[in-house]
Amino acid sequence: MSGLPHVGRTVRVALAAVAVAAVLGTVVVVAGTPTATPSGTSTGTLTGTPAVTSTVTPAVTPTGSSPGTPTQPGRASAISLFPEGEVVAPDVSRTAAVDVSGAWPLGACAPGAPDRGREDFVSGTERGLEYTRDLAMGWYADEASAVIAYDGVLARIEACAASTGATIESAASGLGTAGVLTTVAQPGAGGESDVSIYAITRIGRVVTLAVDQATFYDGTVPAPAEATITRGHAERLLAELCLVDPARC
Amino acid sequence: MRRTPHLVATAIGLALVLTVVPGAGPAGAAPTEPLFPEQIEAYAEYDGQDTCQPAFKPGVVAFTQIVLAEYPETYGPLSPRACSGGTSEHYEGRAWDWMVDSYDPADAARAKDLLDWLLRDDSYANDHALVRRLGLMYIIWNRQVWRAYDPDAGWRPYSGPNPHTDHVHFSFSWDGALQETSWTTLAELGQRLDQARVAATWRDRDRLDVFRRGRGGVLQQSIWPDGSGSWINLGGQLRSGPAAVWSSNHRLWIFAQGTDGTLHQRVWSRRSSWRPWRSSGLQISAAPAVATRSGRIDVVVRTDVGSVAHRSWRHKGGWSKWDDLGGLVTAPPAVSWSSRHRLDVLARGATGQLHVISEIDRTWTAWGNLGGALTSGPATASVSPEQVTVVVRGTDGAVYQRTRTGSWAGWTGLGGSHVSGPATAAIRNRRLDVLTRDVSGGTLQNTYRPGTGWTGWSLE
Chain A
145 MSGLPHVGRT VRVALAAVAV AAVLGTVVVV AGTPTATPSG TSTGTLTGTP AVTSTVTPAV
205 TPTGSSPGTP TQPGRASAIS LFPEGEVVAP DVSRTAAVDV SGAWPLGACA PGAPDRGRED
265 FVSGTERGLE YTRDLAMGWY ADEASAVIAY DGVLARIEAC AASTGATIES AASGLGTAGV
325 LTTVAQPGAG GESDVSIYAI TRIGRVVTLA VDQATFYDGT VPAPAEATIT RGHAERLLAE
385 LCLVDPARC
Chain B
20 MRRTPHLVAT AIGLALVLTV VPGAGPAGAA PTEPLFPEQI EAYAEYDGQD TCQPAFKPGV
80 VAFTQIVLAE YPETYGPLSP RACSGGTSEH YEGRAWDWMV DSYDPADAAR AKDLLDWLLR
140 DDSYANDHAL VRRLGLMYII WNRQVWRAYD PDAGWRPYSG PNPHTDHVHF SFSWDGALQE
200 TSWTTLAELG QRLDQARVAA TWRDRDRLDV FRRGRGGVLQ QSIWPDGSGS WINLGGQLRS
260 GPAAVWSSNH RLWIFAQGTD GTLHQRVWSR RSSWRPWRSS GLQISAAPAV ATRSGRIDVV
320 VRTDVGSVAH RSWRHKGGWS KWDDLGGLVT APPAVSWSSR HRLDVLARGA TGQLHVISEI
380 DRTWTAWGNL GGALTSGPAT ASVSPEQVTV VVRGTDGAVY QRTRTGSWAG WTGLGGSHVS
440 GPATAAIRNR RLDVLTRDVS GGTLQNTYRP GTGWTGWSLE
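Which chain is which? The protein sequence lines are A and B, in order.
Quick note: the first sequence uses my numbering, first residue 145, plus one each step.
Quick note: the second sequence uses my numbering, first residue 20, plus one each step.
It is possible that part of the hints are untrue.
Quick list of in silico lysine to any residue cross-link-like pairs, SDA-like style, CA-CA up to 25 Å [what the hints assert, rightly or not]:
#, chain 1, residue 1, chain 2, residue 2
1, B, K131, A, Y361
2, B, K335, B, S313
3, B, K340, B, S266
4, B, K131, B, D69
5, B, K335, B, G314
6, B, K335, B, S267
7, B, K131, B, Y143
8, B, K335, B, H360
9, B, K131, A, G363
10, B, K131, A, D362
11, B, K131, A, T364
12, B, K335, B, H269
Treat the hints as calculated values from the structure; they're not laboratory data.
Required output: the full structure, derived from the provided sequences and hints.
Set out below in structure tokens:
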């Protein structure tokens, strides 16, 4: 795991502080000026990234937690979903939320049933010039629950593609205990294709998802093996996990 | 082959002079830009898509026409996109994808050519001039993005999943998309400076013929001093201001850009009066200039790729082929004979300075830089042997002159406030007249006489 990009320590500190205060609260990170809210406030700003505003909503009871499994607040909050230092322009917005009952970011696909045995969950969205990027990570009480969640995400992507007539192609990513790269292409009106690229990875009791959405032209829709940018974000999420939660690696 | 687009001190000897094929520019050359005044807008701010109205906006369509006309081997889809999620100016008809392949050397060269053109400074030293005039907000190409709202950063890595190696993405500001930037609003003004310029030529010491482009583009003539103030319509439809000269065989030659963009000529002679307009077939992009000496007529033009081209006419030989004198000029050029052996061509270069190239004993020199800050094309004439005077409109709207007698003297201001480039007419050893248009549409005249100097401006 050496040579991986530097991850957002400042973000982790800020988000961890919020999470500790709010226990299983929701953290929203958006570009803008820091503002305080009655229920909790982050401190500091992100170095090299847009300023951070963190608002914490009342805690949400984890719907999928196994009885008796202790939650570990702060683990998801400490994850830096997006790399620091890359955002310098007003054309990129980022949001992130820690919510154990959060939904996997599968775009227009119908939300699935709550995962069984989920302990923690963080997800976020980056909207940039001509693309949208969703990243998410979920912790599970046991490996069996993680396998079910992993398979469930894959199944929903496939069902969603089938229901819309989109072209779908998958290949092993070679990441984690199990990993798949999937491209789903929906033809547009002008010769272009609206493409979603999914990198789903399970490593032990943790499942990660990186989703890139952009427009490609016919003949240039990347095969899963060519989706190197999305795969790179999946790889970075695993590296981030190892920094925050080494026991999971 | 693309010519180097710099006028400054380019060593173009006669051996390097190229023949121009009328109507055909170098393949893949960047588009020709209109003649703009110095006024320019700020860089576009970031104003991302937040509505769904995917029909292409007129500024985007106009841009596609410029690009595809210049690079006909390429294409770019003009089908509106469905608003399918994410943020994209395509969903507001403010973006266009130009399909060029970064892995194809020819396409990569075309992309570089166009992007260099869009991002270069203009003749007034305005940074990234055409990006600003077109209202371009950002450009994505080959894993990099250029943002108008962060221009000092230059090209930066692009982190989106589509590397944009098979197309260049252009996103426009709303002003650019709706054609409310100076590409549209000031191109006309720049063209007016060119169109408003009069032409003047002495038939003899008692008659000065003055020509202008009148309302609707019609050619108009006024004969001075007797007919001052009255203008005769001579027909035609001119896109540029005219150029005029009386030749030694008592023919009056008129040249101008026609509405089809080509150089047209019309000749008057006592025997046949006015002959019909004739096109040379050469696409030009500004008013032409003409000079005569010893029965020879010399015409210089700004070509459709912005270089200077020259050809001459002799009674027994007719018209020569066009010679491309190179350079990148940004206003109508000027031409005059200063002696039997020396023809001078002057033009405003890409940085707004005055440049000169001369044919001496039938051999062209290299381009030289005479400095200055011009807001019009120059005009030039010779009033004394071995002497040539050039006049230009400066950044303050006044006229300035510079004279060469052996070597070039410094710039001298002639004052006034002028809304056209200047024109000149001279009678050897007697007088040199400078004519411009004032804001009321009238014609201003300033006369130099050897021994007594300039008279000052008077409104005719």
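Okay, the hints, checked on the actual structure:
no.	hint	verdict
1	K131(B) / Y361(A)	holds (21 Å)
2	K335(B) / S313(B)	holds (13 Å)
3	K340(B) / S266(B)	holds (20 Å)
4	K131(B) / D69(B)	violated (31 Å)
5	K335(B) / G314(B)	holds (10 Å)
6	K335(B) / S267(B)	holds (14 Å)
7	K131(B) / Y143(B)	holds (23 Å)
8	K335(B) / H360(B)	holds (20 Å)
9	K131(B) / G363(A)	holds (23 Å)
10	K131(B) / D362(A)	holds (24 Å)
11	K131(B) / T364(A)	holds (21 Å)
12	K335(B) / H269(B)	holds (16 Å)
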